[in-house]
Structure formats: structure tokens, C-alpha cells
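Q: The primary structure of each chain is shown beneath.
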Amino acid sequence: MSIVLDNITKQWPGTLALDGVSIEIVEGRVHGIVGENGAGKTTLVSILSGAVQPTAGTLNMARQPVAFENPAAAVANGVSLVSQEGSLVPHLTGAENICLGFEPVKSRFFINRREVQRQAENLAKQWFPETMIALDRKVDELPYADQKVIEILRALHSRPKVLILDEPTATLPAKEKQSLWTLIRQLSDAGMAVVLISHFLQEVIDLCDEITVLQDGRRVSHLSNVEHDVSERQLIDLMLNRGQAGNQDRLLDGALKERNLADGAEIVVDIKGWQGARFLMDGLEVRSGEIVGLIGLTGSGHFEFAQSLFEPSLATAGEYRFKSKDVGRASVRDMKRRGAALIPDHRMINAMIGDWTVRENMSMAGIQETSLRPFGVVQNGRERAETQRLIKRLNIKTSSTETKIVELSGGNKQKVSVAKWQFASEGKYKLFVFLEPTEGVDVGAKREIHDLILSLAERGAAVIVASSDLLEVAHVADRVVAFRNGHAADQIARRDFSEAVFINAIAGVTQ
Amino acid sequence: AKPVKIGWVQGNAAFQAEQRTQDGFKKYLTDNNIDDWEVTYLDSAGSAEKVANNIEDAVNRGVDVIYVTYADLRASSNALKGAESAHIPVYTVDSGWIPGSTADITTNNWQMSAEVSLSLISQMKGKGNLIIITTDKIKPVRERTDTLRAILKEYPDIKVIGEYNFDVANFYQETLNAVQDFGTRYGEEIDAVWTPWDEPAQAAITALQGAGLNVPVSGMDGHPEAIKAICEPNSMFVATGRQQFEEWGVNLATYAKRVMVDGDHPKEVTNGKDIVYYGATLFTKDNCK
Amino acid sequence: MTMTTTIAHEKASRPMRIGILVQKYSTLAVLIVLFLAFAIGTDRFFTGTNLVNILQQISMLTIVAVGLTFGFAAKEMDLSVGYVVGLAGLLAPLLMVAGVPIPLAIMGALGAGLGVGLINSALVVGVGVPSLIATLAAGSILWGINFMISGGRAIYGGIPAEYLALGQGKVAGILPYPALIMLIIVAGSWFVMERTTFGRYLYAVGGNARAAELSGIKVRTYRVYGLALSSLFAAISGIILSARLGSGQPNGGETYLLDGLAAVFIGMTMLRPGTATVMGTFFGALLIGIMNNGLNLVGMDTYVQSIVKGIIIVIAVSVVSRTTKLKLL
Amino acid sequence: MTMTTTIAHEKASRPMRIGILVQKYSTLAVLIVLFLAFAIGTDRFFTGTNLVNILQQISMLTIVAVGLTFGFAAKEMDLSVGYVVGLAGLLAPLLMVAGVPIPLAIMGALGAGLGVGLINSALVVGVGVPSLIATLAAGSILWGINFMISGGRAIYGGIPAEYLALGQGKVAGILPYPALIMLIIVAGSWFVMERTTFGRYLYAVGGNARAAELSGIKVRTYRVYGLALSSLFAAISGIILSARLGSGQPNGGETYLLDGLAAVFIGMTMLRPGTATVMGTFFGALLIGIMNNGLNLVGMDTYVQSIVKGIIIVIAVSVVSRTTKLKLL
Ligand SMILES: Nc1ncnc2c1ncn2[C@@H]1O[C@H](COP(=O)(O)OP(=O)(O)OP(=O)(O)O)[C@@H](O)[C@H]1O
Ligand SMILES: Nc1ncnc2c1ncn2[C@@H]1O[C@H](COP(=O)(O)OP(=O)(O)OP(=O)(O)O)[C@@H](O)[C@H]1O
Ligand SMILES: [Mg+2]
Ligand SMILES: [Mg+2]
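Protein chains in written order, with my numbering: chain V, 1 to 511; chain F, 512 to 800; chain D, 801 to 1129; chain U, 1130 to 1458.
These are computed hints drawn from the structure, not numbers from a lab. All figures in this text were calculated on a predicted structure; none of them were measured in a lab. From the three backbone atoms N, C-alpha and C, an ideal C-beta is built for every residue, glycine too. Hints are not guaranteed to be accurate.
Below, a list of computed lysine-lysine pairs in the DSS-like style, where the Cα atoms sit at most 25 Å apart [to be verified]:
no., chain 1, residue 1, chain 2, residue 2
1, U, Lys1456, D, Lys875
2, F, Lys592, D, Lys970
3, D, Lys1018, V, Lys138
4, F, Lys513, F, Lys768
5, D, Lys970, V, Lys161
6, V, Lys404, U, Lys1454
7, D, Lys970, V, Lys138
8, D, Lys875, V, Lys138
9, U, Lys1204, D, Lys1125
10, D, Lys875, U, Lys1347
11, V, Lys323, U, Lys1347
12, D, Lys1125, U, Lys1347
13, U, Lys1454, V, Lys325
14, U, Lys1347, D, Lys1127
15, U, Lys1347, V, Lys430
16, V, Lys428, U, Lys1347
One-sided and incomplete, this derived list gives chain U residues near chain D with beta-carbon spacing under 7 Å [what the hints assert, rightly or not]:
no., residue
17, Val1258
18, Ile1262
19, Trp1272
20, Phe1276
Assemble the whole structure, with the sequences as input and the hints as a guide.
A: Below, the structure is given as C-alpha cells:
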């Protein structure tokens, strides 16, 4: 049995996420989908799994047109999705989540609890024999990786004919990742169709029988019989090849020039034995004007470390001197006052207030600067003018200062998140910590954000960039620290930057 | 004498009548040098169900006598069965007698309302426009209102131009607002306002004053504040009925003493009567000297 | 390094387990301490009659609160339950006084309750009005209806003895019917919520609506169930109330909303912190009932009782709150 | 691609803008329609005296509701306000009867209200008890205290005339003091919430506590402010209430909780859907006040009024709900 998505188009308010994409999912084969952030991968599989309805185009199953009005319909037709964001019911146990919607019952209504546990354990034993997960614990008490495994088991529980995995390995530790690779091979050997979305290109090449490359919502190429002769380089070329635009974003081995740092620049961040629940950094110095990239697999601690530079309470031991002064257990507020700024990841969760306007979000951290003391009366005119200035400075695309932030695209939201720290505070902040600075941001905006990061450094700030986008780190960073399993393992100088070096550094020796 | 244990179930502790009955009861104890009685007050906050629960708990607690004041006993018939089988006498005030309770002390509300209502009607000289403020939620108040309506049948020249039925929990504010709105609606056309007890009467007067009106208002209960208001020169408060709340408290105490200390039969202390009626005396400006 | 991570994890788990125990049972511990204190403090408390009495006294409240629990499980809050209690408690007596046979009168009252629940859910699930507003407005409407159909008066007389037995009779002379009905409802609801797919799906909808949807659960339907059951249970409670009081009271159920919410909230601090569970709610109602009864028996003044009750609730909930981040809505 | 985005955006924006207009003003439209209907339906409605009356009638409710708005802005719900109204409304008269000078008595009552707010916030922000539970328990405690300090009786007599003037006097013989105080409080609160950094930060804490924290805002402090102001405003309302009633009533404020919530909820459907704003709350209270007054003037029966009010609220909110996903808590 095969599923054909024919000429699928998806128009979101403001974004054309898919533009006439066709793909065919065939039983017994692993179908890889690759593309940059925002290329439309998730949207495509959301349509395939009934979670999103296409604007145009058809789905055919065994040559018959079908419509999946909701995920239930897709599941009933044998299509199961392991979604990118993760969706488990927090207060149910692992076993209960695995069987959710398909509980084994006694006399129709009554859940056979022993059977739930047994089925879940059997599935776990069958597909992840190496992994021990307490399936009788509530999932919100389990580590993130275990939760991901449970999600995969849940998708398998309904014995689907098509299994869709949207970036399943991003958050998996090595052992589970190995098991998942084995699993994918076994499933396709057993005749199941598997759709795999992943940013680990070598993994895609190794596992997939065919690969579809998406770019800006369009299918730009399709490799129908992937043998091992396809190289990562070729795949990257296919993903990034957009004619004129964007070429300079590519990672060119050996062609990187070191930027000159001013001699004797001030040491902004000075760290020794800095340790938290999930990271350990033996020592790091970051000078004014310098950009340090942090890379690692998800869960390897580089994000937590970066965050702890702004939120020192996340660390449990070690020494952190900021502009030569000991930080101790300073609060976020103190760090802000001393001149540190954070542009967090998941901006809608950590940085923005969804139903506020661009102006209100932009002035959130600096509004007191344009207000009348002592009562803090907001001067609307000054607030608006300053917002206007930053909109121009950062080239933010918004119809006005009064547009709601949710109506902006990801990239423009992200620019607001950066602009927030320049609101009437130009030059005040000496350290900028970026987490996933271009999460869900399109290519054009991505470049502008990169330029912004560079300009911050040029104007004398120390910058930390923690990102899972290796190309991005290569582009902006002066040097890179790679994290493995919580530990700052390697430092890589700019002249040694290459994707192979990066991947080796974050994955350790290939297992 | 052995100390008497009393469970006192209050219909709604916030009623002033409740307080005055307690005052009478306490005065009796002081006057008779009784200081070892153990009284537990259980408020039912206006809920018929809580009255039943409180009676049950009092029975379980093993009190000697139960008082129920200003509640509606008819929702507690089952709880009273418990008291009866535990041989605990239940004396009630203004709560309606039903089988299972020993005796109820109450004002004859029909008589009281008849006197007060007629007094107001005579102030109106038997004609004009009347506003009625009342509530359906309290039994004695319904009796008072029904009496008024019965009397009005004989006064075809009196027209009821407005009625407001308030929620007991918020009676003061609601009366104030309603009378204010009647003032807006009818202005000088209003000739008198009838209210079911003294505090709504005060509220009505405040609203009428605000609207610049001066019309007779009646209340009932005869609380000291009302008596004082009636006796103020030029006040709109013209009539109330004085009930003998303190006297009832004395009665409750006497009954308990006679039964528990003197060993009289519970029925004997009311001369075998189920309902002990007290008359209310009409109080108007004429009584002020 | 994988080692380190794992070890750190193992280490974390022991205090976590104790934490979980504290979470699950601190409110329960307060309940038990209270029970023992009363049993020791007053000899009338720990007697068969009194314990049965407590069960009877909490029965109506518990049934309403269990209904609210269904709503909470689906993340909907029903502020109209008190007035539904009143409606059903008036309708059944009114119908019987009008000559309708008992079973039909009961069906009528239950039907009215269910009807309210369905209208609420049409507004909430269909139109998208937040349940807090829809049920607040429904409460205002029902209050008016209750007083209109009763003329503000309690409905007395003409209620058949068989009906009254429902609220006043006892099984084998020991267990009052209201308590029996409550126990059956609690047990049944517990079973449905914990042991059937229905309950599992209701919890899933409240726990993570998107996950539920991806698992093929009809989210909207289950939100309707939550609100409908909440009203239906309030109607059951109203019927028992009118049988127990031997009369239909137009404002009979008004106190059940706040007390019912208190029971659910207290329950949400135990067993599965942050989740409304049937057993949690039952223990919450039991805590309220034991406080009311015990403090009455001790002979504590109503006003002091109210203060003491507030303090006990704060203490009970504080223990959990220090260890868990509770989100009630 | 940027082009496409922009164009698609422009396209989307027209129906969206209308949508926003509908969102912002549908409840307001209902208010205006109602106003016109009453003005045309009854000639006594649209007169200076009556409009002033309406302002006076809603003044205590509005002040409580504005207080609740501060709490809601910080995402905290205060269920104890009704009892704080009662507490302040008793304390001020009690103190004055005991011979304390008026300003000190007022300060005492305000201080007590603020104290309650601070205790609530110690429990909520310090210990982590959810505000719904902490303030529910606080309500129970305060109820007991109110009845204890008053002995259950209303405090009459011995209240100085100057104090009574606060509730019963008029400025220039036209505008009653309660209405004046309310207007000042509404204007002041509006200014603080919309035009100062304080308000901005409070909204930020309620809008997204994590984002606020990472922007250097003292989240915990602002949650304390929200709860403290909510109690303080309830105390102000209680003082005016006792001056207006000429007495301290132990259960004087109990109805303000539900009515206040209704005002806030209705307000949350306008201006900025999903956010409690001072102006929204004021319009919500005004809607309630106009309904009460207008229906009284039309001569509608109390019970029917309650039904009609519920229906009007549902209609007003339904319009917004169809276009916006409202989350109240
Ligand atoms: N619910 C939505 N509403 C509006 N736009 C959306 C929505 N979901 C996705 N988009 C937009 O559609 C485009 C495609 O997004 P999609 O999530 O499919 O990308 P992706 O290839 O999965 O990216 P990633 O690699 O980051 O997961 C993006 O521009 C995104 O911003
Ligand atoms: N409510 C909305 N109104 C108008 N446009 C919207 C709305 N929601 C999303 N969009 C459009 O959809 C696109 C992507 O939005 P989306 O929220 O998915 O961004 P994102 O890149 O995933 O960012 P984030 O990571 O912050 O969620 C944007 O171009 C935006 O203009
Ligand atoms: Mg994706
Ligand atoms: Mg996104």
C-alpha cells in the first residue's frame, strides 16, 4: 500500500508553507524529508497525519482519494505521527500514554490495566530492548529522552502502516538513538512505510531509501534510490542551492578568515569550574568584541550553560566573574543591571507576550528608561519613537508599532526579541547570550540576525551563541565550544571550522 | 444543680432578632446567678439544610436541650425525629411548629402586620400609591405581606405601583437601589412605602431622602434604632411592631431550667401548648412621649 | 559522562519519591490527624451513629463535588451547580405535588439538570464562551427560574412518603439512603474515571487536549460530557436534598458551589497534585464534613469554627504547595 | 518569499481588522444598545438624576471589581474580597464607636484590608498555595472574624455624621461622594495600569511570567502587589459601604465577589480580549448597573430580571467568543 500526496499547498495566515508539493510514501521503504528550518517539513507531515488540512491538493491511499479530517481518521487508516514538539498527557503513566486511544478493554469499557502495562512493556522490550524505562511512572517525572521513546512506542502501538517521525533523534541520547535506527530498519523490513525528518544528514543518508528535499515550501529534488554514494555535501548543496541568494551562508571548509580581536579587550565573562545540574564548564574567558559559539546535541548542556550566564542561580558550584566582579548567586535582575542580556529560545514562551503589541514587547526590558521618574509615567511619544527607531534600525517588517506580536513572522519576532535589549539602552549591555537565535526563522531574516550579532560584537559586546544550527555557528562565531553529555569537551578555533569537525565534536567518536 | 448543656441552632446569626433573644437569655442567666450552663451556638447562615445538620450534631453531642431560632423547621422533620428518640426537648423561636418539636414561641405575624399596615394606610388616608418592598424567602415575612394584601382588598383607592422582592443576603443594598429607582420612576407619585422589617425601612428612607421625597414608611420588629428613628421629628419612619425578642430569650432559659433542673415535663412548661403566641405592640410617633 | 548523568538522576529520585509521598498524602495526613484528634477529644465522635451521620451530612455536597470533578477533569469550571441543585430540588416536588408519579418526577428533575448541562456545553464547546462566564450567566438565569417556579416559597406537603424515604430512610436501619447513594456514586465515578476508557479520555482532554486529539480522542465531545455530568450530578444532589429536607427549597443549593469547589481544590492537592480526582474530591468533602461535625461536637462556636476551618485548609494545602507547583486551572 | 509573505499578510488583514473591531467593541455595543433601549423605553431613564444614581449604585461594586482587576492582571484570583469588604465595613464603625478619630479609623480599616492582602500573598507567592485555595480559606477565616468582632450584629449608632457623609453626601449637591470616589479610583487605576511602568510590569507578569522574569521584572513582587491591591480596594469599598448604609454589616460584602467577577469577566471580553483591564471592568460594572437600574425602571419582576441579565451577558460574550479564543485564567 502506498500513500500519495499530490500537489499539496498550505497557506497559513501570512505564510505559504507548502507550494504544490507531491510525494509518495511506499510500504517497506524509509522516506527521508530534509530541508532548512521552516522549509515546510512539519507542515507536510501534519497534513499527512490529519492534524492540519491542506489549502489545496489531494491525498490518495491505494489510488483512492482520502481525506483525514482529524488525527483520529489518519490513525484509523494506519498513519501514525511522532510529532516534533512532543505531546504526552503529563499525569498519565508511560504505559497509559502508550495505549492512549487504544486501551485494551474488558467488556468494552473497562480498561484492562494489567494488559495496558503488559502491552507497553512488550512493545518497549521488542523495539528498545536496551532501554529501561519506568513505564509505570507518570511521564512528567521521566527524563526527556524517555518521554520521546514513549511517544515513539505510542505511535507503534496502533500497528500503523505508515510511521512518521518528525525529528525524533534531536533529543535522544546515543543508546536510544542506536535503538531507534535499528527499529527503523526492522520496521521497513517488516513492510512498514517510515517517514523520517531529521537534521542529522548522515543519519538520513544511512537509513533512507529515498529522500525528498524541501526548500521554502517547494520540493526541489527527490533522490529515489539512495545508495551510500550520496554524500552529506551533496545533500547540503541540494538543500541550500537557491541560485543567487544565500550562497555565502554555506560552510566552506578552510575558507574562513579569522576576525581580528582588539588586543587587551576587556574580559567580560570569566568562568572556572562552573557547574549546574546538567553542565560543567571547566574554564572559559570571553572578551569584549568576541563571539563564542556553543554547540552540542540536544540535552548536552550547552543551552543550560549559556542560560546560566544570565541566570546564575542555575549553577550549583564554581566561579563566575562578570566584568571582573564576582557574580555569586545574582538574580536575573542583578545580571541585567550589571549589563548582561539574554535572547532566549522558544521566544513565544520565554520572551514575548503574545497579545501585546510590537511596541509593548519591545519596551518590556527598558521602558523605565523612557519614563518620567519618580512614578514611572510612561511617555507614549518617546516609547513609540524609540520603537520606531529600532524597527528601522533592525529592519523589522511590521505594519506599525501597534501590530500584535503574534502577527509577525518568526524572524521579525526574533528581531524584536533582540531589539528589546537596545530599547533606550544602546551600549548598556556588555554581554549578549543568544539561544537558538534563528529558531524557525526564514533565510533572509536569518542573515539579518547574523549581521546583528556581528554588529553587537563589533560595537564591543561579548556574545555567546548557543545554537543547534551548525552553519549558523560557523558563520558568526570566532571560536566554538562543543558540549558532550553535559561537559564542555572541545574548543575549536575558527580556522578549523568544518561541519565534519563540528559533528565529530558534538557526537564524539562515531559510535 | 447540674450544668445544663444547650445546643442553640441559629437560623441566621446576622439577624438582629437573634441577638436580642440571646440578650434576654443571658440576662436571665445573670439574674438567676447561673454561670455553669454550657451553650453552643451553631449558625445555619440561612440554609435550611444546615439547620438540619446542626440539629443532628447537637443530638449527637448529647446536649440536654436544643433551641432553634429564626429558622424554618419544616425542612428538619427528619432531624427532629432523632431528637425525639434521644428524648431531647426542642424549643424553637419563630421557626414554625411541626411534629417532633416541643414548642414554638412566636409573634402572631398576622396580627402584627395588620396593625402596622393599617397604621400606614391611615397615614395615607386610605388612598394613593403604595410601594411594597418584601422578600419571598422568609416565612414570617410572607405572612406579613399576605396580611397586607388581604387588607388592601378593602382599600380600592390604594394602588400598588411598585413591588420589589429582594435577596436576603444583600437586602440592604438591594432595597436602597430599588427604592432609589422607584423614586426615579414615580417621583412625587409615591405616597407610602411598606417594608417587611426595620432595616429595609431604614434603607428605603435613605433612598427617599436622596431623591428629595418625604413619604411615610413602615417597618416591623421594633428594634431600638427604629424606635429612635420614629421618634425623631419629621422622620419618614412612621410605624413598626414591637416584638418581644428579649422576653423569648427569657422563656427559652426558663423552659430549660424547669425541665433540666426542676424536673418538669417538657410539655408542661408551655402548659401543653405547641405554639406560644406573643402579641406585638404597634409603635408609632404617638408612642414617643 | 553518560554515567554521571544517570547517577545524578538516580540520586535525584530518592528525595523525589519522598516528595511524591508527601504530595500524595499530606492532605490525607491532616484528615487523619483531625479524625484522631476528634476521636480522642470528644467521646461522641467515634461512634457508629456519628460516623454514619457524617456520611449523611456530606452526601449531597460530595455528589455535587464529584460532578464538578468531571468538569475539572476536562478543564471546565461549572459555576451553575448550586442553582441546578435548587432547580432539581424544586422540580421533583413540584411535579409530584402536581400528581406526576415518583419515577417520572425524578426523571424530569434529572432531565432538567442534564438539559442545563447541555445548554452550558453548547455555549462553551459550540460557541466558545469560556465556561466561567457561561455558567455564571446560567446561574443568574436559573436563580430567576427557581424563584419564579416556586414563587420564592419552599414546596411543602403532598410529597409522597416513598420519595421522602430517599432522603430520610435507612438501609437496614443503619445506613441512610443519601449516604448509600453517595457511596455508590463515589465508587462508580471512581471506577469510571480510573478504570474505563471514558475516564481516561476525559483526563487526557484536560491534561493535554492536543495529545488527546492526536490519539484520536474526540476532544469536543468529552468537554461536553464533563459539563453535562457536572449538571447531572448536581440534579441528583438536588433530588436527595429535597427528599432529606422534605421540601423543595428555592435557594437550597446555593452553598454547594463554594463548598464543592473547596472540596475539589483540596482534593486536587492529593493523590495526583494538580489533577481533580474522584477520590481526592471525596476526601476533600470528608475533610470539610469531619471539620463541621467534629467542631460542632467539641462545642466550638460557629464563628471560631469558620476560622479554624480556614486555617486547617491552609495548613493542609501548604505542605503540598511547598513541594509541587500546583496549577488549578 | 518576503514579498509573498507581505502580500499574503495584507490580504489577511482586512477581515482580521474587522474581527478585531468586533472583539473590542461587541460587549460595548450591547451596553450601548441596552442604554438606548432603556432611554427610549422609559422616559425616566435618561435623566441626570438617574444617571448619577446609576453611578452611585455601582460605585462599591466597581471599586471591588477594579481591585480584582489588579489581581487578574497578575493572574491571581482573589475569592476573599467580599469578606474584606465586610471586615473594613465593620472595623471603621467599630473603631469610631470606640472613640477613634475618623481618619485613624479609616486608616485602621484600610490597614486591615492591606494586611489581609499581604497574608494572602505570603501564602500564594511565598508558600506557593494556589490563590484560589488561599483566598477561599482566607474568606472562611474572615467570615468568622467578621461575625466574631461584631457579635453577629450590625453596628449602628455612634457613627459621626462626617463619616456618614462619605457615603450619603453629594458634591455640590449633585454627584454623590461614592460615585466621585469611584470615578477617581477608576481614572487613577486606569492611569496606573495603562500609563506607568508599574501597570506595564503587572500586565507583563500576568501575560507571561517567564518572559517578564527574563526581562528583569520582579515577578514575585508584582504578584504580591496584585493581591495586596485587590484586598486594599475591597477595604475602600467596605468603608464607603458602611458610610452609605450608616452601619457596619457583618455580611455586608458577600455578594460583591460573584458580581465583581462577573464585571471583570465581561470586561475581559472587550478592549483587549482575554486581559482584565480597568476600563473593561468599569464597563462590565456599568453593564450590570444599567441592567439593574433599567430593568427596575421598566418595572420588571426581580426574578425575570435575573433571567434577563443572564441572557444579556451570554449574548454580549458570545459575539466575541465566536471570533476569539478567550482564556480567562
Ligand atoms: N500554525 C501555523 N500558523 C502559521 N504559520 C505556520 C504555522 N505552522 C507553521 N507555520 C509556518 O509554515 C512554515 C513551515 O513550517 P514547518 O513547521 O512546516 O517547517 P519545518 O520544515 O518543519 O521547520 P523546522 O525544521 O524548523 O521544524 C514556516 O514559515 C512556519 O512559520
Ligand atoms: N495569529 C496570526 N496572525 C497573523 N499571522 C500569523 C499568526 N500566526 C502566525 N502567523 C504567521 O505565520 C508565520 C509563522 O508563525 P509561527 O508562529 O509559526 O512562527 P515561528 O517561526 O514558528 O515562530 P515561533 O517560534 O515564535 O513560534 C508568520 O509569518 C506569521 O506572520
Ligand atoms: Mg518542523
Ligand atoms: Mg515555531
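Q: Measure nothing beyond the straight line between the CA atoms of U:Lys1347 and V:Lys430; if it is 25 Å or shorter, mark the hint as holding.
A: 22 Å, holds
Q: Taken at face value, is the distance from the CA of U:Lys1347 to the CA of V:Lys323 at most 25 Å?
A: With Cα atoms ~24 Å apart, V:Lys323 and U:Lys1347 stay inside 25 Å; holds.
Q: Against chain D, with CB atoms and a cut of 7 Å, does the hint on U:Val1258 hold up?
A: Status holds, d = 4 Å.
Q: Holds or violated: V:Lys404 with U:Lys1454, Cα cutoff 25 Å?
A: 15 Å, holds
Q: Between F:Lys592 and D:Lys970, does the CA-CA distance stay at or below 25 Å?
A: 13 Å, holds
Q: Given the hint that U:Lys1204 pairs with D:Lys1125, does the C-alpha gap stay at or below 25 Å?
A: At roughly 15 Å apart (the allowed maximum being 25 Å), D:Lys1125 and U:Lys1204 satisfy the hint.
Q: Quick one, are D:Lys875 and U:Lys1347 close enough, alpha carbons at most 25 Å?
A: 30 Å, violated
Q: So, as I understand it, the hint says U:Trp1272 touches chain D; can you test that by seeing if any CB pair is closer than 7 Å?
A: 5 Å, holds
Q: Starting from D:Lys970, check that the Cα of V:Lys161 is at most 25 Å away, please.
A: Violated, because 59 Å separates the two Cα atoms, which is more than 25 Å.
Q: For the pair supplied as a hint, U:Lys1456 and D:Lys875, confirm whether the alpha-carbon distance does not exceed 25 Å.
A: Within the cut-off at roughly 12 Å; holds.
Q: When the nearest CB of chain D is found for U:Ile1262, is that gap smaller than 7 Å?
A: 5 Å, holds
Q: Regarding the pair V:Lys428 and U:Lys1347, is the alpha-carbon distance no greater than 25 Å?
A: Between V:Lys428 and U:Lys1347 the Cα gap is close to 20 Å, so the pair holds against 25 Å.
Hints 5, 7, 10, 13 from the earlier list are contradicted by this structure; the remaining hints agree with it.
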